[in-house]
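**Q** Residue-level listing of the chains:
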Amino acid sequence: MDILEKNILEKVADIHEVPEGAYNIRSNGQLDSRNTTANIDIVTKEDKQGIDIIIKPGTKNESVHIPVILSRSGLKDMVYNDFYIGEDADVTIVAGCGIHNCGVDTSEHDGIHTFYIKKGAKVKYIEKHYGEGDGEGKKILNPTTVIYIDDGGYMEMDTVQIKGVDSTIRNTKAVLGDNATLIINEKLMTHGVQTAETNFEVDMDGKGSNTNVVSRSVARDKSKQVLNLKINGNNECSGHSECDSIIMDAASVTAIPQLVANNIDAALIHEAAIGKIAGEQLIKLMTLGLTEKEAEEQIVNGFLK
Amino acid sequence: MLELQDICYQVNDDSDDKEILKNVSTTIDGHLVVVTGPNGGGKSTLAKIIAGIIKPTSGRIIFDGEDITELSITDRARKGISFAFQQPVRFKGLTVIDMIRLAAGKDITVGEACNYLSEVGLCAKDYINREINASLSGGEVKRIEIAMVIARGTKFSIFDEPEAGIDLWSFQNLIQVFEKMYNKIQGSILIISHQERILNIADNIIVIADGRIVNEGSKDEVMPQLMVDKIACPTLLEKIK
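As they're listed, the protein sequences go chains A and B. Mapping to this note's numbering: the first sequence position 86 is 109, numbers consecutive. Mapping to this note's numbering: the second sequence position 30 is 132, numbers consecutive.
Mixed in with the good hints there might be a few duds.
Claimed, not checked - Restricting the straight-line Cα-Cα distance to at most 16 Å, the calculated cross-link-like pairs of lysine to aspartate or glutamate (EDC-like) are:
| # | chain 1 | residue 1 | chain 2 | residue 2 |
| --- | --- | --- | --- | --- |
| 1 | B | 194 | A | 265 |
| 2 | A | 79 | A | 113 |
| 3 | B | 194 | A | 113 |
| 4 | B | 194 | A | 155 |
| 5 | A | 83 | A | 113 |
| 6 | B | 194 | A | 294 |
| 7 | B | 194 | A | 267 |
| 8 | B | 208 | A | 267 |
| 9 | A | 328 | B | 233 |
| 10 | A | 316 | B | 177 |
| 11 | B | 194 | A | 319 |
| 12 | A | 328 | B | 200 |
| 13 | A | 29 | A | 155 |
FYI, nobody ran anything at the bench for these hints, they're computed from the structure.
Bound-form chain B, shown alone (with noise of 0.2 Å):
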């Protein structure tokens, strides 16, 4: 269980104090939690904000009864929390296995490897030994950032945009993966995404807009809360048309 305390986080931007987070309370306790939001709102900063790639300038982080507020990344990841970026980083030198080995935390075979790398609808074999360097695409190495995050097997996991640049590969098996994550580690899933699909299989929905929860809820109270936002904008709406 993870819990926010009146979490806020400024910014020195131009000598102009920037708010980007403002007062987040919330709960986040054995589910799959979407959060979603207008880009800009301060989703990904709270993503960054709970794996402790950021400090709050205020507020508690609770996690399974402990402040966490003060650990720092590498304490808060061995305490159980996974964070798979919206924008891969890529490493030259160190290949796929290396890498899903570091993120297992102990030496996988190949076969355990393949797995993983399967689940995410990629072949071992192609790609195994392969450098996690400028030569693979977008789309793969979300992919792979995707099979660390189900190699850790931790009870928290936080997926930040992870539909964007997954093309081919359909979207029907990315939900899987979230679902067969969730039977396995038993814990709590949070996704940030602006996908209709993906909001449609979370069991909570978090709004976030100009660094507020503006609204939260189960699916069934969010979902046609947000669609009524969407049809606010009478512009948008006839480009669409």
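The following block holds chain A by itself, in its conformation from the complex (with noise of 0.2 Å):
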């Protein structure tokens, strides 16, 4: 791996070499590294490109990382990785794909993840995506996280996209059993002309189930975001979705919270809300010394913190 790869490896994945525990590199739609532990297995599929991860009943405090790098400028790249995480296992799972394209071609990765997650069992997923390179060719990443999850089941995701990447679809849907509990936290910034649309649908189908799903984001320049957030009320659960957006420059956002309930115990709450940065706050930071541009620097920041 050269310089290149190691700092998009770094950005995506807050690794600095190997990292501990189970892991999957690949690179420009190759294997790179790999390695299972114990606990922890993977295979790569045989049907179609990608791997399924094997997570082993009542693993504790493992950790998996799954980055992706396309240094190559105009490689299209499609993934299916699909998770099985046992019962009562509690594992982190850090994905990411970073792409470094300064060649002229559009430089693509489509992820589809699919997580299985069992009875009791506990995932924390981090995910990241990032685009550099002064090229002509674009940057594109669409990815689709779908989440299955049983009984007592948890799982807290988040999700970040905060720079160079031109152009994302990014899917997010779930099925939650009785009890399971989902908790999605998405960070985006879009800059120049990029075009963002994320969707979230979350079926709450068992007893007791509950999720809070919030998005917080920050679009500048003339950048365009779409963001949906849906939740499904089907049986006696609690729902919770907030999207938070800071509009500038001449950005255009659209908010689409969406709630259905199709149970008499469902209980549902959005909150919507689309800004720019309130003036006082600029001034708040300039009297404690910091210029315009430093002080909406440090205000976003914050926000996507």
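Each of the two chains sits in its own frame; use the hints to bring them together as a complex.
**A** Printed below as a string of structure tokens:
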């Protein structure tokens, strides 16, 4: 792996060298390296591109890193990764994709991640997307996440896309069983003429299931964002969604929260807000000696932290 | 030393020119100065003019011999002017330690931040990582606002009604904050207040009413007159009885 690729790896997976525990590093459409542990197996799919990640029941405090790097201009990569999390396991999964494109052709990575979280299992899933390179070629990332959580299972998903991705359609779909919990935190920033569409749909099928979907975004320059947050309450359950956006320059943000209650005991709440940076926030930071530009950066960074 | 020379500020309200400040001139030098007077008299406007948030319609502001009338908020802050807002601003995502670090202008340790917070009666452990958002009470954000000015430690600090919303934390502590600060910075502290106990610690008092300085001088000169003015309203006096 060269310096450039290592740099991307650090951006998307916060790892400098070889990660601890199980990992699978995919670089320019090929397997770069892999490690499995006694409890976590990684198997290449035979029928299509992608891997199966199999975590044994009861596995505790282990992690899996599966970063993807695209540094060759013009590469289109499409993978299917399936995660099987055994009963009562408690693991952290770090995925992420970084594109470096200094060529003229479009680089694209479409990842479809499906999670099967068994009874009582707990997953922390961290996903980062990042693009760089000053070429004309576009950097496109379309992540799809499908989540099935069984009885009493728990998943927390932190998904971040802060920079450099020209176009993205981010689909997340989840089905929750009895007493299952899903927490999603999305952080999104678009700039230039980027476009981002993010679609969340959570089906709370199980009794006592609950979800909290929070999306914070900043749209700068002439970028466009469309945020769809849909929660379906199909049983006695509770759901909350929130999308909060800062709009800057000549950007455009559309927030479409949607709640569907199909059961009298479904308690659903949504909150949505779009607004520019408050003038008084800028003034306050300027009275501390920051320039207007520095103040703006602090406010945006804090908001997306 | 801060000198205000013939400061006027006009706004256009419903095509009617309204004078908020009229020919305000004074010099503030090495003192704890309290600006008082009736609500709507122009006190907060004057504070904002000093900090650069509002540009005066006419007049000059001289700070340590330099004309700062045309300088931005940022430049004035860097020259040593601090301003604690009457209504502190809230930020989603920025934490108490973030703001204190920005105020101090350097990457201070948690221990140092703890020093500033304990000055205003807050336990750093409970607050350091709290976001300055709607979850904090009015009194809490007010105290954090004061801690930020302490962290800056500049030679000229303005506090706009610091006592408002300060609940359980006693007045005595607030007064200690000002006295300690004064000893440390050896500069000027300008406090806008209606509170007699704050007026009592002033070296000088400036009374602003209807956009003008109607009285100014040492505490001993101005305080007795303020009391006389208060008695001037018999109806109010009747009600208080």
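**Q** Has the given pair, residue 83 of chain A with residue 113 of chain A, been kept, meaning a C-alpha gap of at most 16 Å?
**A** holds (5 Å)
**Q** Does residue 316 of chain A pair with residue 177 of chain B here, judged by a C-alpha cut-off of 16 Å?
**A** Since the Cα atoms of residue 316 of chain A and residue 177 of chain B sit roughly 14 Å apart, the hinted pair holds (cutoff 16 Å).
**Q** Taking only the CA atoms, is the gap from residue 328 of chain A to residue 200 of chain B under or equal to 16 Å?
**A** holds (12 Å)
**Q** Holds or violated: residue 79 of chain A with residue 113 of chain A, Cα cutoff 16 Å?
**A** Since the Cα atoms of residue 79 of chain A and residue 113 of chain A sit roughly 10 Å apart, the hinted pair holds (cutoff 16 Å).
**Q** With a cut-off of 16 Å on the C-alpha distance, tell me whether residue 328 of chain A and residue 233 of chain B pass.
**A** Holds, at roughly 11 Å.
**Q** Check the hint pairing residue 194 of chain B with residue 294 of chain A against an upper bound of 16 Å on the C-alpha distance.
**A** holds (15 Å)
**Q** Next pair to validate is residue 194 of chain B with residue 267 of chain A; report whether the Cα-Cα distance is within 16 Å.
**A** holds (10 Å)
**Q** Verify the proposed pairing of residue 194 of chain B with residue 155 of chain A, using a straight-line Cα cut of 16 Å.
**A** Violated, because 28 Å separates the two Cα atoms, which is more than 16 Å.
**Q** Below or equal to 16 Å on CA atoms is what counts here, so check residue 194 of chain B against residue 113 of chain A.
**A** Violated: residue 194 of chain B and residue 113 of chain A sit about 31 Å apart, past 16 Å.
**Q** Take the C-alpha atoms of residue 208 of chain B and residue 267 of chain A, compute the straight-line distance between them, and say whether it is at most 16 Å.
**A** Violated: residue 208 of chain B and residue 267 of chain A sit about 30 Å apart, past 16 Å.
**Q** Taking 16 Å as the top limit, are the C-alpha atoms of residue 29 of chain A and residue 155 of chain A close enough?
**A** holds (13 Å)
**Q** Quick one, are residue 194 of chain B and residue 265 of chain A close enough, alpha carbons at most 16 Å?
**A** Since the Cα atoms of residue 194 of chain B and residue 265 of chain A sit roughly 14 Å apart, the hinted pair holds (cutoff 16 Å).
The structure is inconsistent with the numbered hints 3, 4 and 8, although it conforms to all the rest.
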